[in-house]
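J.: Start from chain A and add chain B according to the hints.
For the protein sequence lines, the chains are A and B, in the order given. Quick note: to get our numbering, add 246 to the position in the first sequence (first position is 1). Quick note: to get our numbering, add 246 to the position in the second sequence (first position is 1).
Accuracy of the hints is not assured; some may be wrong.
List time: in silico DSS-like cross-link candidates among lysine-lysine, alpha-carbon distance up to 30 Å [what the hints assert, rightly or not]: (1) B:K729 x A:K729; (2) A:K646 x B:K824; (3) B:K729 x A:K822; (4) B:K646 x A:K824; (5) A:K822 x B:K646; (6) A:K729 x B:K822.
Derived by calculation from the structure, the hints in this document are not laboratory data.
Number of protein chains: 2
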Amino acid sequence: MNPADRLTHLEVGEWEVVEPELALEDVGHAESVFALSNGFVGLRGTLDEGEPAVSSGAYVAGLYERFRLPHAEPGYGYPDFGQAMIHAPDGSVIRLIVDDSPFDVRLGTLHAHRRVLSLREGTLTRDVDWSTPRGRRVRISSTRLASYEYRSVSAIRYTVAAVDQQVRIILQSELIANEPMAPAEGSSKDPRVTHVLAQALRPVAQERSTSGALLVHRTKRSGLTVAASIAHEIASSADAEMFVETRPDWARTSFVAELLPGESLTITKYVAHATSTTRAVPLLRSQVSAAVSSARHDRWEGLVARQAEHLDAFWDTADVHVTGRPRLTGMLRYALFQVYQGALRNEGAPIGAKALTGSGYSGHTFWDTEGFLAPVLAAVLPDACADVLRWRASTIDLAKDRAAELGLQGAAFPWRTIDGTEASAYWPASTAAMHINADIVRAFELYRWVTGDESLELDGGLPVIVETARAWISLSHEGRSGKVHLDGLTGPDEYTAVIDDNVFTNLMARRALLSAAERTGRHPDLAAQLGVTDAERAHWAAIAENMFIPYDAELGVHPACAGFTRFDEWDWERFKDKHPIQNYSPYFEIYRHQVIKQADLVQAMWWCPEEFAPDQVARNLDYYERRTSRDSSLSATPQSVVCAQAGHLDLALAYLYEAAAVDLEDVHGNADHGLHMASLAGSWLAFSCGLGGYREAPDRLVLWPQRPDGVEGFGFRLLWRGARVTVAVEADTVTVRQEGDAPLPLRLYGEEIDLGQEPVARPLRRVEPLLPEPEQPVGRAPARLS
Amino acid sequence: MNPADRLTHLEVGEWEVVEPELALEDVGHAESVFALSNGFVGLRGTLDEGEPAVSSGAYVAGLYERFRLPHAEPGYGYPDFGQAMIHAPDGSVIRLIVDDSPFDVRLGTLHAHRRVLSLREGTLTRDVDWSTPRGRRVRISSTRLASYEYRSVSAIRYTVAAVDQQVRIILQSELIANEPMAPAEGSSKDPRVTHVLAQALRPVAQERSTSGALLVHRTKRSGLTVAASIAHEIASSADAEMFVETRPDWARTSFVAELLPGESLTITKYVAHATSTTRAVPLLRSQVSAAVSSARHDRWEGLVARQAEHLDAFWDTADVHVTGRPRLTGMLRYALFQVYQGALRNEGAPIGAKALTGSGYSGHTFWDTEGFLAPVLAAVLPDACADVLRWRASTIDLAKDRAAELGLQGAAFPWRTIDGTEASAYWPASTAAMHINADIVRAFELYRWVTGDESLELDGGLPVIVETARAWISLSHEGRSGKVHLDGLTGPDEYTAVIDDNVFTNLMARRALLSAAERTGRHPDLAAQLGVTDAERAHWAAIAENMFIPYDAELGVHPACAGFTRFDEWDWERFKDKHPIQNYSPYFEIYRHQVIKQADLVQAMWWCPEEFAPDQVARNLDYYERRTSRDSSLSATPQSVVCAQAGHLDLALAYLYEAAAVDLEDVHGNADHGLHMASLAGSWLAFSCGLGGYREAPDRLVLWPQRPDGVEGFGFRLLWRGARVTVAVEADTVTVRQEGDAPLPLRLYGEEIDLGQEPVARPLRRVEPLLPEPEQPVGRAPARLS
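So here's chain A without its partners, still in its complex pose (with noise of 0.2 Å):
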């Protein structure tokens, strides 16, 4: 998180993200960050001929192996099971032989090599100058995609050309099953479990075509079939011969040519990916054939001016800039292009802490989709949206059987997972972490308020919502004083964990609770059938009411949780250059000590402002902003909300620009397991939430802008009950518009507006800070626009 050690050599125009040469050691941070996706098939910006490589890979959604957990030592309610996203059979690889040098960017001489990413294009393509080691050049160019028109399907062109003597090429074209895995961040390093990954996928038939082959595997535990199909089209100035071989787990096609200076040859591969774990082969095998011949039908243009047409519409909803700060607007954008990539076709599976972009966390989802993720697609993709809380409704069996299990009432909801059950190992930092089932209900609520649609909860969400009110029953308990206490849980601060009255759970239960005792009076006839009475309503409502918020009155601070402002301060200086700090102390350290590892007490103050007076925001923040590591991913976008709300303008922004650095720059060191897609939603809330002062709320859209010094001005845009908001900051004026049809209910500045086709205009204001701007420990400031 050193400012110093951040990767700087991408460079970010508004609408690209250019690598204008190869950095060899930073080939596996460019594999993510080029990677791409249409929410169902993904791939990484690996190099065309496969290496070098950190995680080669594709990834198709859902598709992943169980293994059984070696645990050291077992306990009750373990899970017995891991899960681990694992590779699907990857067509993006196109191998090159010059007369008889493989084309390898570590050999020969390497004249220029610049990659460039599209956010309008949604293409990432390649051009490369390089000579073979006996002096044979060549020019080779590639764009990829990951088609966001047809969700089985990414496609390649790939050209190459002699440039000064006659040169033989050959193209061999792959399909590969059973690649290994880069080890994930935080996993299991037993190597049986690295084993399982990488052998996960069992050969079940193979097929060649005449331009192409077909691969379907099944894997070993999990029970899911995967089928992946290549097909190709070819045209050169020379003559060209193609041939195709397939072994249980690969596939190749292969063309040989003889180009004259100035000839080249360009193939064009179509790959199609389907996965099931009900539908039988021939049908699969189908599938993959009727999407590769889908595309193949509108031809490589044709799919390239589809991905532009779908990136147009998205961006005329959802563009966001940065008077003046090119690289800032680029960020962002990329950040919602990523978002956008991650959850457009996923339709149905779970989106992974790192979507499909790497193999980081074993692919697993977490309360990121519903805490970060979630509320943008609400606000800029809101079918993606339904389709992960859909995804999250059809757990809910799985839920409730886990509830059982750890002897709770109704449902609770994995911490992390792919297949709906619990796949963590660490139950202090996961199954304790009950506030995932308080989010989950948040989203529900925050995809209503932003969509007006109420149909989701008839379809799986009001079965959520009251399942998870129950299991907070159980949790809860009523004190002595008659307050409510929920005792014994992990917040979203992973610094802390099995403790007592965490502000930040205490009061996303109390929202969760009042939420199903109002949507279950709202549905009375479902309600009914999932057994609600008015009693039980009556008692949510009354558990709500005297959830117990510890304070500390001495400081005038909420502590986190109970007793956190009594705990011992951390050793800052001791910790200065160690990131993250639980890489260099134990657990049974940090957690006595006062430091936090993401700010929930802060983002408590975002999520249920209405708790919190502007006097204890100011001095909440004050007092967590100097303990807080950032050490988590998730904590600048919280921090960056809650500066703004409290007026601290340069610090929101510091903090709004690492989050969308996140992944550009490699903030944590990390970015080569995947992109951290939380912290790329949350980029976009911290600009939103945080300058844009955007609040979710029941009845009209709310918004506080603010403009810090150090920019211009700003704009941003989203979908307000369907209609097309654009709210614009330029010097001192605020202008916010809409293209619907109805007046729209607006409250800015807390003025109450029914904005209709007129844009409104206001003086742009600022909230003056209560407190000077808060401070951070040594080493951990964030870094300055500068």
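T.: Okay, now just chain B, sitting in the frame of chain A:
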């Protein structure tokens, strides 16, 4: 724990434990109960012929293997390696073939099968009357012992006699390495770990002698060499032939004889073991050969006679009795006998929770050893107590390394270990259980008080006291009010963990810090060598003085830890038949409720009695009795002692009985994994400290005897400052006598007496209970003595 499920088929006499007939379903239980040991070698009470068995095995103190711990989710400071006691080459096996039928209690007809463990002879004898499936009848008798005189030696005499027909007898006397292990309770089920342990020994050398053989093996990772030798003497009324075979993992001496009715064959088998990390194979080979020769020189009769001599001396020092209660008397003697066996010739290895009676808890040593075993040994076998403490002191450098790894000053001893490094994979109930450091210091203190021997402090004790005091300083911090807190630790009760201000821990830390301040004052030169300054000593005293002890003034009880009495109550009804609770409910639920595994607040009232007023004792006991599951075998003892302290003598007697019965009646259903050494030692503590009112004190022997209505009288003996003291309670009088030369300072019922040669008799007193007898949760009341 349900009294109805207890095993009651063993007859416990005043000086013996008899198994009148074989209980095939409880064969593992008998293996533990009938285990023989001298503290260095241990033999489980397996049937001579090796099967059926739950875990046939021989053990050698300190013989263990290391293995990589499989952490499903790794964390900083987690130990990389586990440790597990492994089987030594087993010389106890003597197989018998009658004609062509192998002797197996499950085949043919077992007319009679009786085993007797003699607490005066130190032998296990077995008498069998058996017919082969074809009706050939033999009588078999065997006697085995682990020599108290010769540390390396165990021996068996085995006789088989023909009854009414001529039979051909083949005896195969074996020495077997790498026998499979029964999996230890609570340890990894990881198949690789099991494999490591099953195949832990690599053969190094094998040799035959005229009457036996020798095997040398080496562990693969822990670097230990173990040599085992067997030799035989034969006596027969018929001709017998003998021959010897060896293989890398076994050696066999076979005897063949034809016996006419009335004729018999007797072999005497001498077994010796030696182990070392440093000595080379030739030296170990010589050592075991010498041990066998020495034992043979004494002959069988000599070995047997020496056993009884040792035990006579022990019982002269340590005998206990309950008048008119032969079974209870025998159970208490059995408990002391097994403590004696586990500690006698240990001499420098750790004593595991099961000593050498089984592989439960992987053979690890815990705080049990210093907390429960050492106080008994100090009073009845002080040299063995010194050995225990010397072993602990020898690991000080490893404990300093561990403290440094954790970020603490000083030394932090491991929660479970064999080689001195931490072997626990679940930190909330191990690393966080820092009280072990104070428990160790208490054991040094008790040893000094009871024996008057200060030399142990000079011989490694003072560094333990000083360095653990330094760790307490690191762990503690001063709160705003000036009070000192110990946050995020775990007390002896493992149904709470990572809690703040655990009363037991805080009081024990106070005691340890005061001890450090005092002892460094007594040894200023040594203290100076350890870098102790007057300022540091003053700081220790000040921290001890200001230690915060939470108190719930509203309820008038001490919370076991901060906030405990605020937690939700446990649903005892749901778990009334579920023992232990942790097998039916996750830690997640357990930790957040008022459910106690072992009563650590109650234990604090025993170990730190000066900190509690009598009315507090009464209220605390009442409160915690209602919330204690007694799922730990360490719980009955402190409950017994404090019940006596509070005047609830019937209940004290019930808990005393439970502690003594833990293995004989298999109270916890897991005695097959080995004996519960701390509970066995604890039964003596419950007896002497509970009914006897014995307290270790710096200046004088303290007694406060009480007689429950259900017993006519009782007596116990101990050594105080080298003088044998006898306490006898009969009817309404207590008599105390001593056999030392000098007057012995005694405090009897608070009266200070210099006890000379003349016994002192006083009328028996009773504590008047301040509250009615406390109640236990449903399903948790102890069985009452009928």
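J.: Checking one constraint from the list: CA of K646 of chain B to CA of K824 of chain A, max 30 Å. Satisfied?
T.: Since the Cα atoms of K646 of chain B and K824 of chain A sit roughly 23 Å apart, the hinted pair holds (cutoff 30 Å).
J.: For the pair supplied as a hint, K646 of chain A and K824 of chain B, confirm whether the alpha-carbon distance does not exceed 30 Å.
T.: 23 Å, holds
J.: Given the hint that K729 of chain A pairs with K822 of chain B, test it: the Cα-Cα distance must not exceed 30 Å.
T.: Answer holds: K729 of chain A to K822 of chain B is near 29 Å, not above 30 Å.
J.: Tell me if the straight-line CA distance from K822 of chain A to K646 of chain B falls inside 30 Å.
T.: Holds - the C-alpha atoms of K646 of chain B and K822 of chain A are around 24 Å apart, at most 30 Å.
J.: Do the alpha carbons of K729 of chain B and K822 of chain A lie within 30 Å of each other, as the hint requires?
T.: Holds. K729 of chain B to K822 of chain A sits at ~29 Å (cutoff 30 Å).
J.: Hint check: K729 of chain B vs K729 of chain A, CA-CA at most 30 Å. Holds or violated?
T.: 27 Å, holds
Violated hints are absent here; each numbered hint is respected by the structure.
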